[in-house]
Amino acid sequence: MKSNGSVFAYLFKPFRFIAGKESLFIGLAVLALLFVLGYWSNTHFNGVLDAHYVCLTKQDQAWVHAVYQLVAWFSLVMVLYPMGRIFSSSSVRFIDMAGTLAMARFPLFLLALWGFNPDVHPCMEGINPFDTEAVMSILGDKVGLLVWTGLFSIAVVIWYIVVLYNAYSVSSNLKGPRGGWSFATGLIISEIISIVLLIYIL
Amino acid sequence: MLPCNCPGCRSVLKVRCLVCESCGTEVSGLYSLPVLARLSAEEQDFILRFVRCSGSLKDMAKQLGLSYPTVRNLLDEIIEKINHHEE
Numbered sequence: 001m002k003s004n005g006s007v008f009a010y011l012f013k014p015f016r017f018i019a020g021k022e023s024l025f026i027g028l029a030v031l032a033l034l035f036v037l038g039y040w041s042n043t044h045f046n047g048v049l050d051a052h053y054v055c056l057t058k059q060d061q062a063w064v065h066a067v068y069q070l071v072a073w074f075s076l077v078m079v080l081y082p083m084g085r086i087f088s089s090s091s092v093r094f095i096d097m098a099g100t101l102a103m104a105r106f107p108l109f110l111l112a113l114w115g116f117n118p119d120v121h122p123c124m125e126g127i128n129p130f131d132t133e134a135v136m137s138i139l140g141d142k143v144g145l146l147v148w149t150g151l152f153s154i155a156v157v158i159w160y161i162v163v164l165y166n167a168y169s170v171s172s173n174l175k176g177p178r179g180g181w182s183f184a185t186g187l188i189i190s191e192i193i194s195i196v197l198l199i200y201i202l
Numbered sequence: 001m002l003p004c005n006c007p008g009c010r011s012v013l014k015v016r017c018l019v020c021e022s023c024g025t026e027v028s029g030l031y032s033l034p035v036l037a038r039l040s041a042e043e044q045d046f047i048l049r050f051v052r053c054s055g056s057l058k059d060m061a062k063q064l065g066l067s068y069p070t071v072r073n074l075l076d077e078i079i080e081k082i083n084h085h086e087e
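Heads up: the protein sequence lines correspond to chains A and B, in order.
The numbering of the first sequence is my numbering, which starts it at 1 and goes up by one.
The numbering of the second sequence is my numbering, which starts it at 1 and goes up by one.
Every clue listed holds true.
Which stretches of chain A does chain B cover? Using the computed rule of at least three CB atoms under 8 Å from a CB of chain B, they are:
| id | segment |
| --- | --- |
| 1 | 13-21 |
| 2 | 82-95 |
| 3 | 166-174 |
Below, computed lysine-lysine pairings styled on DSS-like, alpha-carbon distance capped at 27 Å:
| id | chain 1 | residue 1 | chain 2 | residue 2 |
| --- | --- | --- | --- | --- |
| 4 | B | K62 | A | K21 |
| 5 | B | K81 | A | K175 |
| 6 | B | K58 | B | K81 |
| 7 | A | K58 | A | K142 |
| 8 | B | K81 | B | K14 |
| 9 | B | K62 | A | K175 |
| 10 | B | K58 | A | K13 |
| 11 | A | K13 | A | K175 |
| 12 | A | K13 | B | K62 |
| 13 | B | K58 | A | K21 |
| 14 | B | K81 | B | K62 |
| 15 | A | K175 | A | K21 |
| 16 | A | K13 | B | K81 |
| 17 | A | K175 | B | K58 |
No wet-lab data here; the hints were simulated from the structure.
Only a predicted model underlies this, so the values are computations on that prediction, with no experimental measurement involved.
All residues carry an ideal CB built from backbone N, CA and C; glycine is no exception.
With the sequences and hints as input, model every part of the structure.
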């Protein structure tokens with residue numbers, strides 16, 4: 001019954017050991033750091049599941065990146081907390097859900113750090129994506145790097161979703177099919193809400 | 001650990017005989033195992049800790065090095081198991 005704090009557990013299920021106020025403080029630090037790294041590396045986390053490397057000539061103001069983080073967190077909590085309350089027979093604390101869902105965004109650090117490489121920010125604005133010659137002239141010898149960037153992003157996003165699920169599962173004591181489908185539904189709804197909110201705010 | 005299930009058919013076992021170690025008296029009958037005895041060793045340990053912590057899940061979480069919701073989830077699982085055994 002004692003805690004088994006393996007590296008795997010800390011990377012995928014840190015909420016087994018950290019929740020409540022502690023997770024909220026760490027989670028807020030995660031959001032703040034993501035905002036700073038996202039701004040410096042011009043990586044736009046514009047949605048719950050979104051990360052885009054924008055052309056370096058197009059730099060948004062810092063507050064935009066702060067809004068990205070707050071909207072993504074708000075959308076997740078506002079959807080998954082009620083879902084936990086509805087579908088779980090356990091008592092679900094708001095502070096656990098809010099803290100763990102904020103903390104669960106830590107895998108996105110890797111995408112923000114990857115964004116410091118200027119070669120992963122191709123400027124494709126105004127280019128017809130079906131015009132292969134024009135696209136290839138912009139991408140040039142960066143194609144290999146961009147393919148790796150795509151694969152790396154998929155791996156990080158999968159890791160992020162697994163951590164998000166564990167945050168939801170631990171906070172609401174939901175697992176199995178009921179935990180799976182309620183989480184998947186909640187995640188899709190929160191992604192839509194975050195995109196709508198960002199369109200409305202920005 | 002007290003065996004609770006039949007190794008042949010997995011049905012719940014009952015107590016047929018109890019013995020006094022000091023005088024050798026045997027009491028025979030057909031007694032049901034108490035619900036707590038039918039839990040695993042880990043679950044029994046959890047309940048003992050829970051009682052020693054005066055039912056404080058926060059204290060238990062500190063002792064076990066686990067988060068509060070993890071400990072609460074473990075307790076919920078045990079409650080569910082006890083309810084299932086009592087049915």
